[in-house]
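Engineer: In order, the protein sequences belong to chains A and B. The first sequence begins at 208 in this note's numbering and counts up by one. The second sequence begins at 56 in this note's numbering and counts up by one.
It should be emphasised that the hints constitute simulated quantities derived from the structure, not laboratory data. Please note that the accuracy of each hint is not assured.
[Unchecked claim] One side of the interface only, derived from the structure: several residues of chain A facing chain B at Cβ under 8 angstroms:
| id | residue |
| --- | --- |
| 1 | 236 |
| 2 | 279 |
| 3 | 286 |
| 4 | 289 |
| 5 | 300 |
[Unchecked claim] What the simulated footprint calls covered on chain A by chain B, stretch by stretch (three residues with Cβ under 8 angstroms from a Cβ of chain B suffice, anywhere in the stretch; the number is not a length):
| id | segment |
| --- | --- |
| 6 | 215-222 |
| 7 | 267-278 |
Idealized CB from N, CA, C, for every residue including glycine.
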Amino acid sequence: MGQNTVKGTDATFVELIGSSLPTLVDFWAEWCGPCKMMDGPLEEIAGDRAGTLQIVKLNVDENPSTAMQFGVMSIPTMIIFQGGEEKKRLVGARSKAQLEAEIDSFVS
Amino acid sequence: MTEKVLIIGSGPAGLTAAIYAARADLKPLMIEGMERGGQLMLTTEVENYPGFPEGIMGPELMDGMRKQAERFGTRIVSSDVTKVDLSERPFKVWVGEELHESEALIISTGASARWLGIPGESRLRGYGVSACATCDGFFFRDREIAIVGGGDSAMEEAIFLTKFASKVTILHRRDEFRASKIMAQRAIDHPKIEVLWNTTIEEVLGDDLVTGLRVRNVLTEEESVLPVEGFFLAIGHDPNTKIFQGQLDLDSSEYISTEGGSTETSVEGVFAAGDVVDHYYQQAVTAAGMGCQAAIDVEHWLD
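Given the sequences, and given the hints that come with them, work out the whole structure.
Structural biologist: In structure tokens, the structure reads:
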């Protein structure tokens with residue numbers, strides 16, 4: 208796990224997305240090639256926006272019930288939460304610039 | 056600054072070209088693209104790449120190639136090329152607003168999964184529609200799903216999907232598979248797999264999630280609904296050549312045409328390797344071989 212992102216689990220999930228900071232959750236798995244591409248960009252964005260955005264990485268293999276609860280059917284899926292509520296869902300890999308643009312439309 | 060050689064794409068062809076070009080001191084710049092590592096990133100076990108007697112995971116193989124290319128000094132840009140100008144040298148390659156110029160180019164942009172283009176397909180992508188069984192099969196535990204295709208990869212993916220799904224229906228528009236006999240038989244004999252022959256898919260149904268497919272029997276013209284929660288595509292690949300259209304000679308299927316046994320394209324100084332050229336072999340090891348050829352061709356051409 209990176210230095211800037213937070214590891215989420217089924218047990219900690221509700222608490223994490225209820226944070227006062229907007230939270231982007233990356234649903235991923237070890238066996239998912241496209242998910243690996245997101246590691247670098249997410250780590251950098253989490254560093255750049257420390258204090259204004261929280262990034263949580265949730266391994267769907269280890270935490271299947273959260274993935275199921277949110278109806279994740281394809282990974283990578285990234286969901287932006289605010290105050291515990293789903294605000295935006297991105298399915299499929301994105302470049303850092305594309306991700307930042309999506310985040311900017313929500314988080315100032 | 057003008058590069059000596061710029062490589063577009065980062066599958067086995069591009070990375071092998073980078074390893075060779077870097078070792079020849081050409082200091083290659085690679086634009087690896089959003090689909091970094093290419094199609095092997097979407098596979099699990101690769102059992103036929105020489106040198107790995109126990110097999111190797113596709114993503115792991117590609118990570119290894121990438122590290123090897125970097126070790127010899129390849130510089131890597133992690134975005135998609137958006138535009139090229141091959142009308143004069145140095146060639147121009149844009150990544151968004153960013154312009155790169157290079158004496159020689161190696162194109163190894165590969166091929167990407169083909170879609171049917173039917174209603175509902177793109178709207179429900181990620182909500183039950185997928186072209187990557189290895190990525191998304193996991194989410195269909197104990198559910199009924201369908202897959203379209205008739206080649207070896209369709210058979211392989213259908214069998215892979217039975218690990219999760221309670222039932223896998225293979226839909227095929229003809230009355231026999233194009234797949235090798237052994238793969239086809241393995242699929243047909245599988246207790247969780249059912250085959251619907253002579254069947255085309257007209258529409259993917261569902262509001263927020265896939266609930267079924269509207270299918271048509273091509274012999275009787277009868278339409279029916281197949282209730283499934285997942286729909287996977289394995290109907291082949293199309294070469295990624297859109298940005299080169301009108302600037303390079305492509306064949307009738309839009310693959311890049313090369314000269315004889317070399318990697319030279321119709322534009323002097325532009326070379327191509329891997330699945331973007333090859334619609335026949337399409338193997339990791341053949342792509343890697345062509346990547347090596349391209350780097351050697353570039354080295355000779357620059358001399």
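Engineer: Output the indices of the hints that this structure fails to meet, ascending.
Structural biologist: Hints 3, 4 and 6 are the ones this structure does not satisfy, whereas the remaining hints hold.
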